Amino acid sequence: MREDREIIHCYLKREEKAIRYTSEKYGARLRSISKTITRDALFAEECENDTYLKTWEAIPPHEPYDYFFAFLARITRHLSLDVCKNRLRAKRSAELSEFTSEMEECIPSPDDTVSKIEAKLLGEAISEFLWRVPTERRMIFLRRYWYLESVAEICARFAISESKVKSALFRTRNELRAFLIKEGYEL
Amino acid sequence: MRGEEFLAAMEYIDPALIEEADLLPEKRRGKRPVAFALGTAAAACFAVLIGLGFWNSRGTDGIELETTLETADRGAEEVEFETEEAIVTAAIPEESAEDDTAVGAAWDIAEEESAESATRDSADEFAAKAAMPTLALAESDELAKRLLTAFDEGTEVAGDEEAQKAPLLTVEIRTESGTTRTFFLYENAIAVDADEPERLVKIDEETADLLFSGGD
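Here the protein sequences line up with chains A and B, keeping their order.
Going by this note's numbering, the first residue of the first sequence is number -10, and it counts up by one from there.
Going by this note's numbering, the first residue of the second sequence is number 20, and it counts up by one from there.
Derived by calculation from the structure, the hints in this document are not laboratory data.
All values derive from a computational prediction rather than experimental measurement.
Hints may contain errors.
[Stated by the list, open to error] DSSO-like cross-link-like pairs, simulated, lysine-lysine; straight-line CA separation at most 30 Å: (1) A:K74 x A:K2; (2) A:K43 x A:K74; (3) A:K6 x A:K24; (4) A:K24 x A:K14; (5) B:K164 x A:K109; (6) B:K164 x A:K171.
[Unchecked claim] Short, incomplete list of chain A residues facing chain B, as computed with Cβ under 10 Å: (7) D39; (8) K43; (9) R63.
For every residue, glycine included, the Cβ atom is placed at its ideal position computed from N, Cα and C.
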C-alpha cells in the first residue's frame, strides 16, 4: 500500500497512477461513506469516481499531506449529499430531514445568505467543541452527523445499546447548543 | 433550513476529527490499569453502601421521590437518572454488571426501592462517583500543559490509602502525534498516570480544582 505522501506527489506531478493508488488504498472506504449516505451502490460508485476527478482537479493547488483520507472523504461526502439533493430520492430525502430536524434546536437561525465563510467559522467552532467531548461520544457524534450513519449502524460499530447512542447524541447536542450560545451564536 | 446549515458546516470541521472517527473504536473490554481496578472496586463498595442506604431508609422516613431511576437493568452498562435539570448517566463497572455482583445487586435494590427512597442527592452523588467523567484536552490546551507540569513537579505519595479511593475524574490528553495520555484524578489532588498506575502524585490544589471544573 502506497504512503499518502507518495500518492500526493503523483498528483502533483500529474501522474495518472495517482488515481489508481488512491483507489487501491481508500476506494472501499470512500465507497462505504457514499453508500451510507446515498443508500445506493451505483450512486456510491459514481461518487467514488467523481471523488477521484475532483481530487485530480484539487491537487494542486492543495497538498493535503497530513489528512489525505479526510480530504478525500470530505469530497465524497459533499458529492453524496449533492446526489441526495439533486436526484430527489424520496426515501433518502426523508432521512436527511431526520438529521436536519434533530439538529435544528442547536443551530443558528436560518439565513439564506449564509456564506461558505460563515459555514467554515461554524465548522471551526464545532471542531473546538468536539475536541472537548470525551472520545467515544465525539466519535458517536461524528459517525451520526458527519458520516451520516443510522443509530443502528453506530450501535453495531461501537457494540453498545441504542439507548446509550441516543443518550450520547442527546447530551452532545445539548452541550453543543450551550457552547454555541457561549460563542455568541444566536439560536 | 437550519439543519442543512449544520450539515454544511460539518464539511469544514477539523480533518483530524474525521480521521479519528473513521478508526475502529477501541476494544471495550481491554486490560485495565491497577488504579482503574481499584477505582472500580471502590465504586462497587460505594454502590453497595448506597444500596444499603436505600434499603435501610425504606419506610422509615418517607423520603419524597425526586429522582426517577430510568434504567437499571441487570447486565446494563450504565444507569440513567432523569432529574429536573439533566439526564445523569452513571457507568456500572463492567465486572459487576456482567457478574451480578455488588453493583448489580445494589442497583436491583435501588430499582425496586427507588419509588420510595431514592433522593436526587443520593442519585447524583452516586452518579458523580461512579460515572468518572472524562475531560478531553489537546496537548496544546493551557489546562493540559498545566496538568503535565503539575504532575512533573508534584510530590509522589504513598499509594495504598489514596489508591483505594475511586477516581473522580479521567483526563485524556491528546498529543500532537495522535496518541492519548490518560490521567486519573482522586480526592486531595492526587493524580495517576494510567501508564504508571502504581505511582501516585500530589499535584497543586489549584490545578486540581481547575480540572474538576473543566477549566472554567
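Right, here's what the structure says about each hint:
1. Annotation: proposed proximity of K74 of chain A to K2 of chain A is violated, straight-line Cα distance about 35 Å (limit 30 Å).
2. Of the pairs offered as hints, the one joining K43 of chain A and K74 of chain A holds, with about 19 Å between alpha carbons and a cut-off of 30 Å not exceeded.
3. Only pairs whose Cα atoms come within 30 Å are accepted, and K6 of chain A paired with K24 of chain A is accepted, the gap being roughly 25 Å.
4. Restraint check for K24 of chain A and K14 of chain A: the C-alpha separation of about 17 Å stays at or below 30 Å, so the hint holds.
5. This hinted pair checks out: K164 of chain B and K109 of chain A have alpha carbons roughly 28 Å apart, not beyond 30 Å.
6. Under the criterion of a C-alpha separation no larger than 30 Å, the hint pairing K164 of chain B with K171 of chain A is consistent with the structure, at around 24 Å.
7. With a least beta-carbon distance of about 16 Å to chain B, the hint placing D39 of chain A at the interface is violated under the 10 Å criterion.
8. Given the 10 Å rule on beta carbons, the hint for K43 of chain A is violated: about 13 Å separates it from the nearest Cβ of chain B.
9. Among the interface hints, the one on R63 of chain A holds; its C-beta lies about 6 Å from the nearest C-beta in chain B, closer than the 10 Å criterion.
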